[in-house]
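As they're listed, the protein sequences go chains A and B. Quick note on this note's numbering: the first sequence kicks off at 1 and runs consecutively. Quick note on this note's numbering: the second sequence kicks off at 279 and runs consecutively.
The hints are simulated quantities; they were obtained by calculation from the structure and are not laboratory data. Every value quoted in this text rests on a predicted model; they were computed, and no experiment measured them. Heads up, some of the hints might be wrong.
[Said to hold, decoys possible] Reference listing, derived: stretches of chain A covered by chain B, where coverage requires no fewer than 3 residues with Cβ under 8 Å from a Cβ of chain B:
#, region
1, 184 to 194
2, 217 to 228
3, 232 to 239
All C-beta atoms in this analysis are idealised placements derived from N, C-alpha and C, irrespective of residue type, glycine included.
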Amino acid sequence: MTPLLRYEYLLNWAGIIFYISATIAFVYAVFFENPRKLSSGMVLTMSGLALHSVAIALRWYESGHGPYLNRFEGISSSVWMLLVIYLIVAFKLDKLKPLGLVVLPAGLLLLAAGLLNTPEIEYLPPTFHTIWLIIHIFFNKLALGSILLAIACAVFYLKKEAGWASTIAHRLPDIATLDIYTYRLCGFAFVFWTITIIAGAIWAHKSWGRYWGWDPIETWSVITWLVFGLYMHMRRFRGLKGRKAALFIIICFLFVIATLFIIPFITKTIHTEYLISS
Amino acid sequence: MILDQGLRRLRGILLAPGTIIVLICLVILFCAIGILIPQTLYRGQEYYERLHVLYPRLTWFIETAGLDHIFGSIWFLAVTAVIGFALFLTVIDQFSRLIRRKKMNGIVSGEGCGVSAVIHSASETDVHDMASSIRPILMETGYRIIQFHAGNSRFSAVALKGGAGEWGMAVFHLGLLIVLLAAIWSMLFYSRGFAQIMLGETIKGAPSDWLVQDGGLLAGKLNTGFAIRLDEMKVEYWSNGQKKQIESRLTVKTANGEETSLPLSVSSPLSYKGVTIYQSMDIGYAVTIVLEPPDHRAISTDFLLKQPAQQTTLTGKMDFPTTPYVFGIKLYPDAEKPSHFLTDPVIDLTVWKDDDIQYSGRIPLGTGVLIDGNTVYFTDVRYWTGVIVITGYAIEAVIAGFIIMLSGLFLHYFIVPKYILLHMERLNVSDYRLSIFGRSPLGPTAMELDFALIQDRLKNNFHVLQN
């Protein structure tokens, strides 16, 4: 391990410590009805994100490519994007700060799981020298971030609908607004997922000479896209709202998890050879 | 008339939301089958030949139902055709409704909500003056006034914002339809071939040149119509020996003698006369061996050895054509390899005849050995590269469809249409009752911010007595 990678490893673990502290702050804020701890949680999240960002930058400098080539890099950059999106949403919509209770534990568990993989530097294969890779991965992470925030809204919707009444609950938007936010965030996730598929298809065409091959990852990603599409149609034409919509979003999320974090690591195809080899 | 009724009924069924939902579920089901049941596309036919031995009935069922190649099966094609037709009708229907709605001054769909207030003007004002004061407030909030009527004691206005957003889903579905049609076209007419070309070698681009070839249901044999020669090849490696980039230079030559030199690299295919050529990741060295029997009728053969990464030994075992010999070759292309001949490539050669080893030894480039009465020379070593050649993929239509889809999504999700009906009625010389009704596909929540902005501006200009 080079000195820079050693620093990167330490910075990642330092970031995790801050994320753990932020999680504790959010849990304290919600369950002990102390809204001031929400601000502490935000500060701890930003501190952890700063360390995490430096770690990613060090790795980027050392490897000569962005954080997307192996399991660890993919997970690390996904968590980074998720937390950036959460912070932007939380600063724009103050009432959604409590979403950190769902977002932070998800992020830190993913990052810790990523660090359990051997985070060796890998080199870019020839098929990765293209802008479409960047676009594909960037929007994939935006989609993941959006759906995770949608899940957080759905979880809080279900809690409030079940009668959760606390200081934090009152700070959150009303359930009708939470329902709208869930729908909007799902809409963004659908847009970003569509761009991910499109960019991936164009990249595949440029690299492999075919834009669609029913590869397991491609098939799973289209299943996920169709499930989102089903949600949109059910919402529009069948009046799917409220509790049922929130539960449906949780199902959509399971498909996202399968597509991004399970299928790529258990199937061996041209799509996954670089992830499997790591 | 019966036909007309039947077509209308069919149209109604295909446009019904329930049908769309069922079709989406069907595609999800097919995709799930494609994942759960191993597909011959990835496992190969040999998988099912082995499975047939263990589970003959199950294999028979899977193969008969086409579940082992679900995405090329008649079921999937049928569902795709129905979806395509339903999508076509949906696009027509959506655009017709939008055009009709636009002619009716763009009334937006969605759940509505309203607010009302009594406004007091500091000085006596008439309706027209009041209307002139309200109008800019609407425009500052981003609304475009599409109807405005001021009478003696009341005025009303209809304003619209983000009307383009209403077209979003129609445009998205149009893009999706184009992609689907392009995909069906590709599925029917594409041709794809893979060839191995050695440095300096020319292939004619004819069907016999392709090592592997496949094509759509209505595609003929792949014939490029021009010859391809590999002039140059350069391979770059990372420090760990992994391939970094593969670049080639090809010369394409048409039947009338026109020659064009074109560069090619991984992820940068070249297009020539409707044919797209891709640089394959499969590369290696071709070893030329000449076998000269006692009658001096020499036979020359090129053995193509694949190189996964730099500094890996290239090996291969293959028949020597028209002879009873099998040649096992281990090539050391680099001077760094363990070799007694530091400047030349060498091969470790093993020759079998009827499973008996006839020869095992090391041969440097340019030298020969006597094997079973024949003289075997190692005469040449050069690069070879794989090229993938494709026609008929309609990629331009697919990309156009993608762009239209994205435009539709952008319109739908980032431009939210909002509609306001504003009605003001004079109560006395300086008091007016103002009612604002708003509607948006996102529901009342989307209107709240706009109502708040309008109310703030009203408060700047007037005294709002009650909400």
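Checked hints:
1. 184 to 194: holds (count 6)
2. 217 to 228: Satisfied; 6 residues make the cut.
3. 232 to 239: Answer holds; 5 residues pass the 8 Å Cβ test.
Of the hints listed earlier, there is not a single one the structure fails to meet.
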